[in-house]
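Participant: Sequence:
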Amino acid sequence: MKDAPSIFDIYGHIIQFIGNNVVVSYTNFDQRAITKCLSDHNLPLPSWQWVDASVMVRDTCQRFSTSGYNLANVCKEWRYAFDHHDALEDAKACGFVTTTILRENNASIIEWLKDQPSHPKNSSRTQRFTQNRSIEGNEEGRFFGLNICFTGELSIKRVEITDIAAKQGFHVKAGVSKKLNYLVVGTPDLTLLNGHDKSSKQRKSETLIAEGIDINIITERDFLKMLKL
1 MKDAPSIFDI
11 YGHIIQFIGN
21 NVVVSYTNFD
31 QRAITKCLSD
41 HNLPLPSWQW
51 VDASVMVRDT
61 CQRFSTSGYN
71 LANVCKEWRY
81 AFDHHDALED
91 AKACGFVTTT
101 ILRENNASII
111 EWLKDQPSHP
121 KNSSRTQRFT
131 QNRSIEGNEE
141 GRFFGLNICF
151 TGELSIKRVE
161 ITDIAAKQGF
171 HVKAGVSKKL
181 NYLVVGTPDL
191 TLLNGHDKSS
201 KQRKSETLIA
211 EGIDINIITE
221 RDFLKMLKL
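Anchor point for the sequence shown: position 120 equals 120 in full-length UniProt numbering, and the numbering is continuous, going up by one each time.
These are calculated hints, taken from the structure and not from any lab test. No experiment lies behind these values; they were computed from the predicted model shown. Glycine included, C-beta positions come from ideal geometry on N, C-alpha and C. Don't take every hint at face value.
Said to hold, decoys possible - Heads up, simulated PhoX-like pairs for lysine-lysine below, C-alpha to C-alpha not over 25 Å straight-line:
1) 167 / 179
2) 178 / 167
3) 76 / 198
4) 198 / 157
Stated by the list, open to error - Have a look at the derived ranges for each label pair, beta carbon to beta carbon:
5) 88 / 16: 17 to 23 Å
6) 19 / 195: 34 to 40 Å
7) 114 / 14: 23 to 29 Å
8) 36 / 9: 16 to 22 Å
Using the sequences plus the hints, can you model the full thing?
Facilitator: Dropping the structure here:
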């Protein structure tokens with residue numbers, strides 16, 4: 001690190017290299033790291049369009065829809081060998097996963113972007129809704145009487161998606177219990193997992209499911225499809 005270039009040395013090169021291209025990362029860690037770095041050094045944040053390849057995996061591969069979708073595991077399943085945690089190797093692996101999904105779905109990255117929810121990504125921990133809260137559902141909503149809980153980072157702000165759920169009739173719960181009907185799983189914040197690969201809410205839900213409790217673990221996209229949004 002002693003002789004490594006500073007962000008001021010490479011900022012212009014990064015901007016020129018990316019240009020108007022879509023930036024793809026695996027989970028939103030890189031996006032958050034770059035955003036924080038530029039903010040800490042008072043450098044302009046480019047208006048890049050980001051795609052999270054781990055979300056692509058979860059949305060298109062039922063096997064990885066709620067768990068097991070880390071880069072090494074997916075590449076092992078798809079027989080792509082690489083040196084994990086080497087930056088260039090990880091980038092190539094991310095590219096392999098992305099192009100494989102696009103090819104299998106006969107889509108371009110631009111088409112994929114257009115198909116995503118139009119709500120802006122809320123990746124800032126200072127802006128993210130972190131306080132657990134329960135909301136009673138709208139009695140006239142289609143899903144009144146059903147209990148739902150959210151975990152992980154979603155493309156829609158937590159405060160907004162819980163309000164959407166409540167308006168549709170769901171009772172939004174702050175935690176998981178035997179009375180829960182749906183758990184909507186977003187991208188887990190790796191800094192909060194304490195060495196696990198799933199959130200505590202998802203782990204508790206899976207334990208209850210194993211005991212015979214009928215809880216549906218679904219993705220954000222599944223949830224929005226239910227609502228026809």
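Participant: Evaluate each hint against the coordinates.
Facilitator: Consistency of the hints with the structure:
{"no.": "1", "hint": "167 / 179", "in the structure": "20 Å, holds"}
{"no.": "2", "hint": "178 / 167", "in the structure": "23 Å, holds"}
{"no.": "3", "hint": "76 / 198", "in the structure": "19 Å, holds"}
{"no.": "4", "hint": "198 / 157", "in the structure": "20 Å, holds"}
{"no.": "5", "hint": "88 / 16: 17 to 23 Å", "in the structure": "19 Å, holds"}
{"no.": "6", "hint": "19 / 195: 34 to 40 Å", "in the structure": "39 Å, holds"}
{"no.": "7", "hint": "114 / 14: 23 to 29 Å", "in the structure": "25 Å, holds"}
{"no.": "8", "hint": "36 / 9: 16 to 22 Å", "in the structure": "18 Å, holds"}
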